[in-house]
Structure formats: C-alpha cells, structure tokens
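Enquirer: Here is what each chain is made of, one letter per residue.
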Amino acid sequence: MAYSEKLIDHYENPRNIGALDKNAEDVGTGLVGAPACGDVMKLQIKVGPDGLIEDAKFKTFGCGSAIASSSLVTEWVKGKTIDEAETIKNTDIAKHLALPPVKIHCSVLAEDAIKAAIADYRAKTLKKDECAPEGQEAVAAAK
Amino acid sequence: MNALAQIRRNDQPIYLDYQATTPMDPRVLEAMMPYFTYKFGNAHSRSHSYGWEAEEAVEKARAQVAKLIGADEKEIIYTSGATESNNLAIKGVAEFYKDRRNHIVTTVTEHKCVLDTCRHLEQQGFSVTYLPVQKNGLVDLGQLRAAVTDKTVLVSVMAVNNEIGVIQPLAEIGKICREKGAFFHTDAAQAAGKIPLDVNAMNIDLMSISGHKIYGPKGIGALYVRRKPRVRLVALINGGGQERGFRSGTLPTPLCVGLGEAAEVCMKEMDAEAKRLTKLRDRMLKGLQAKLPEIYVNGDLDHRIPGNLNISFAYVEGESLMMGIKSLSVSSGSACTSASLEPSYVLRALGVDEELAHTSLRIGLGRFTTEQEVDTAVDELVRHVTKLRQMSPLWEMAQEGIDLKSIEWAAH
Numbered sequence: 001m002a003y004s005e006k007l008i009d010h011y012e013n014p015r016n017i018g019a020l021d022k023n024a025e026d027v028g029t030g031l032v033g034a035p036a037c038g039d040v041m042k043l044q045i046k047v048g049p050d051g052l053i054e055d056a057k058f059k060t061f062g063c064g065s066a067i068a069s070s071s072l073v074t075e076w077v078k079g080k081t082i083d084e085a086e087t088i089k090n091t092d093i094a095k096h097l098a099l100p101p102v103k104i105h106c107s108v109l110a111e112d113a114i115k116a117a118i119a120d121y122r123a124k125t126l127k128k129d130e131c132a133p134e135g136q137e138a139v140a141a142a143k
Numbered sequence: 001m002n003a004l005a006q007i008r009r010n011d012q013p014i015y016l017d018y019q020a021t022t023p024m025d026p027r028v029l030e031a032m033m034p035y036f037t038y039k040f041g042n043a044h045s046r047s048h049s050y051g052w053e054a055e056e057a058v059e060k061a062r063a064q065v066a067k068l069i070g071a072d073e074k075e076i077i078y079t080s081g082a083t084e085s086n087n088l089a090i091k092g093v094a095e096f097y098k099d100r101r102n103h104i105v106t107t108v109t110e111h112k113c114v115l116d117t118c119r120h121l122e123q124q125g126f127s128v129t130y131l132p133v134q135k136n137g138l139v140d141l142g143q144l145r146a147a148v149t150d151k152t153v154l155v156s157v158m159a160v161n162n163e164i165g166v167i168q169p170l171a172e173i174g175k176i177c178r179e180k181g182a183f184f185h186t187d188a189a190q191a192a193g194k195i196p197l198d199v200n201a202m203n204i205d206l207m208s209i210s211g212h213k214i215y216g217p218k219g220i221g222a223l224y225v226r227r228k229p230r231v232r233l234v235a236l237i238n239g240g241g242q243e244r245g246f247r248s249g250t251l252p253t254p255l256c257v258g259l260g261e262a263a264e265v266c267m268k269e270m271d272a273e274a275k276r277l278t279k280l281r282d283r284m285l286k287g288l289q290a291k292l293p294e295i296y297v298n299g300d301l302d303h304r305i306p307g308n309l310n311i312s313f314a315y316v317e318g319e320s321l322m323m324g325i326k327s328l329s330v331s332s333g334s335a336c337t338s339a340s341l342e343p344s345y346v347l348r349a350l351g352v353d354e355e356l357a358h359t360s361l362r363i364g365l366g367r368f369t370t371e372q373e374v375d376t377a378v379d380e381l382v383r384h385v386t387k388l389r390q391m392s393p394l395w396e397m398a399q400e401g402i403d404l405k406s407i408e409w410a411a412h
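Those protein sequences? They're chains A and B, same order as listed. Taking my numbering, the leading residue of the first sequence gets 1, the next gets one more, and so forth. Taking my numbering, the leading residue of the second sequence gets 1, the next gets one more, and so forth.
The hints are simulated quantities; they were obtained by calculation from the structure and are not laboratory data. Careful, some of the hints might be misleading.
Stated by the list, open to error - Take a look, some chain A residues computed to stay more than 12 Å from chain B by CB distance:
(1) E54
(2) K78
(3) K80
(4) K89
(5) K95
(6) A98
(7) D129
What the hints assert, rightly or not - Per the computed footprint, the stretches of chain B lying under chain A, defined by three or more beta-carbons under 8 Å from a beta-carbon of chain A, are:
(8) 309-321
(9) 401-410
The beta-carbon is built from N, C-alpha and C at its ideal position, and this holds for glycine as well.
Pulled out of the complex, with its shape left as it was, chain A reads as follows (with noise of 0.2 Å):
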C-alpha cells in the first residue's frame, strides 16, 4: 500500500507527542478507540485564558495513518478556539493525508478524539462554575 509523503511525514516526524495534566482545569482529555480493534487514540488540549487552544497533545496506538490523523489534528486545532476546533471535519483529514479507503476510519477516530477532548474540557468549566468538587479522572469514550 503506498502512502502519501505527508502522512509518511507525521508518522516519522509526529507533532505534538505527550501529555498535558489530565487533572488540570483548562486541560481537556479524549481518549477513545479501543486496543481490541487495534486502534486508540488519547488527544489533550489547554485552552488559554483568551478562549484558544493553546497546546495540543496526542498518544496513538495504531497504524501509520491512525498516528498521522491524530498528529495532524494536534497540529490543526493550536490557536483555534474550541468552537472552531470542534468543526473540523474528518473528511478533512482524510483528503489532507489522501488515506486510502480502508484507513477512513482513522480520521473519523481523530475527529472523535478532539470532539471528545472539547467535551471533557467544557464538562470542567461547567463543573467549575457550578462550584462542584473537582471531577473524576478524564477519561471520554467515543461514542
């Protein structure tokens, strides 16, 4: 199967590996997928006081275009708010990355990952204007 060099670039080169404090207010986490069907994704993103996300983070566990979908969604999410975050579609990515048709479902665990992500973000905040206690560990599952 021949891959475009641009997702040959994000799997050699990924952008954005690591972790941000999940327990961290402006910190929001999605992980979904799961290991028995070979792909998960984990995305974190901090939103700054100014409403931006200002760091983007991602762990990937899957194949090569599983690891560029989620690299580049990391990358295009950085100085967007999370309302315009939120937009980004999965036909974005595949077109971006030209995924082949049986790797479609990587972009759509991508755009999951980042909705899932703005979800457990806005979850804080609401919590936190509530006064609530702090939350339980951020863990979001894709619906």
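Chain B: place on chain A using the hints.
Expert: Same frame as chain A, now just chain B:
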C-alpha cells in the same frame, strides 16, 4: 556459495518472510535452465527424443520429491502448488467415498485453502468438524480421537502452521486415523524440506507440498497419494489422463525439475540448516528479550520449525511497527490475509487477546539469512518498538499501573 551474492542485493530490505515465500536457490535455477530452452520437449511425447528427455527429467524429479518424504515415486502427483494439492486431496477423497463416509475432521488453524475447501464441501452436504487448538497451537489428540467416527473419511491437519510455525504431532494423528479407518491428509507446505517427514512411519495417506516454500519455483507443487493401502480420488482437472488420471495437463518440465532439485537440496542440508537456523532464531529472540520488556512468543517454541518466530510486541500496533522497520520485510499474520484489518484468526484460535493479536509480527528466517541480518533486525525492532511505545497511550497507562481491562472501551 555464489548463491548468496546473487540473492542479496544491498539496496533491498532484509528479507525475513520465509513463510510467505522463499527465493529460488541458484542451484535449482541452474538445474531448470536447459528445460526452458533446448530441452523443451513435451514429457508426454512418446515418439521422439525430445519427449523422452523431458520425461526422464520429470521422473527423476518425481523420485527426488518422493525421497524427501519416504514415499515411492509412483505416489507423487505434480500440481500447481499446495493450494491445488489441498483442494485435490480433500475434494477428491470426499467425492470418491461420499456414499460410505461423509465426514471430515480438520482444525481451525489450517491454511485458508483447506478451510475454504471444507466450507465448500459443507455446502455440498458433507459434515465437517473444525477442531480447536490448545494455547500452544497444537491439536489435542484426545479431542481428535473423539471427533473421528466411523463416518469420517478424512482427517486433514497441517504439518506446520504458516503463521506460528508449530509442528503438529503427525505420527500420533496418523496412528489414530489408521486405527479408525479414516484417511490422513497433511498440508506440509511449511514442513517439507524443513523437518524430517516419513509418510510410512507417520501413517500419512495424502500430503501436499509446495515448490516456492522450499527454495524452488512458484507454480509447482505435489500431492503424495498412498498406493498401499490405496487412496482413491476424483480428479479436479480432466483431460488427457496425465499423472495417473489424477491431474490432466502437460507437465511443466522446468518447474518439475526445479521442485525435484529443491527437494534434494533441502534433504541434503536439512540437519545442518536446522541447527544454523535454530541458532539464529535463538539469537534474535534473546536479543529482543534483552532490550524489550513485555514481548510474547505466540505458539509452542519447542514444537516449532527453526525458521519461525511470531511475537506480540505489547502496546505497539503491528502495522505501524512494520511501517517503521522499513529495512526489514516481515509480515503481520499471513500474507494471504494481511490486506484485511482483522487480527489473525490463527492467533485468536490460540486464545491470544485481540489487543495482543494486533501487536504481532511474523518473522521468518531461512537459507540466506545471516547473523549480521539478525543483529540488524534486532536493532531496528528495538528502536522502533521503543519509539512507538513512547507514543502509545496504552503503554503510558500500563506504566501508570492502570489495568487496561478495567476500562470500558468503546468498540468501533
């Protein structure tokens, strides 16, 4: 051996997929060459020397193949490869004896061409028992004995598994089949030329052999069909009645010669080669284990051909690992199904967790593998597994002491 210089090209990845196919041994090619050119006769032509010359060559090759498995040359039928041999053995026997016996016993870890043939026969009204295998990949003899009834016409159990390299207890299976009056067929594509096989000592009635798995040409194989007691078959390919009527069609003389020569080289070098490959395999496994925690060998390591390793590198997905180790040619699962995203059905049959099955690689060593290649492969694997584990959320969670099984994953 000048063979090595011809096989190895410096600009190519290191070939570690000897269960998928093998390069032809240059000695085999040399034996074949005249039959492509000036010795071009049809082995079935009886009226001139061109034909006689070709006939002599295919008969010599037939004897070479027979000798490898302790058979008589009259019991060897040329086919296009192990897939055809398996089809002919299973369908041929089932069809011939269907009025008396209509049950077949096989295992869930057989090659697809055996499983698919059995499925086809089920649709034709035959009944098939698919035996499970134990955690080590070997068939449970008690279960096999219990499965064979007075309606069982054929037991088909592969000699060596193509993904995990485990060797089934052939002599014991043969004994049970003989006692119960069922024929014993074995797909020996991965076994012939690599481990000693004796159709009489092992009570094997039918055996499939492939040319390209034993450093011979692609497009040729053989089926051993026992004469005493006689096994009858209905042919799949009808025509001029060549190969005792079991397989019509003009014999491909150069390919037959290649198969024979390949069998002879394997037989001569089997003991020394097994020792050499065992040493290389142990070196590779020790090298990996020394630097990588949490790697698991799939399938029994003792009852196994020397040239195979199948390893799960926990927390690292196999396809991404293969993408990283560009200088190595290995496979995840078998080449026939590696286009699908499903984890290997063979590993699943051993009870390997689905998540671990996704992390497995098949590494095949063979005649042209060197110690230096093994060392390079170890370095590459260690480097990329370590890198990918640093990127793996599962590895991170495992390091934090989180039990991955305690998490409710959303299947997708």
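Enquirer: Confirm or reject each hint.
Expert: Here is how each hint holds up against the structure:
1. E54: The claim stands: E54 of chain A keeps its Cβ more than 12 Å from every Cβ of chain B (closest is about 22 Å).
2. K78: The claim stands: K78 of chain A keeps its Cβ more than 12 Å from every Cβ of chain B (closest is about 19 Å).
3. K80: holds, 23 Å
4. K89: holds, 17 Å
5. K95: holds, 21 Å
6. A98: Correct as stated: the minimum Cβ-Cβ distance to chain B is 15 Å, above 12 Å.
7. D129: holds, 28 Å
8. 309-321: Contact hint for the stretch 309-321 of chain B vs chain A: holds, 5 residues under 8 Å.
9. 401-410: Satisfied; 5 residues make the cut.
In terms of the numbered hints stated before, the structure departs from none.
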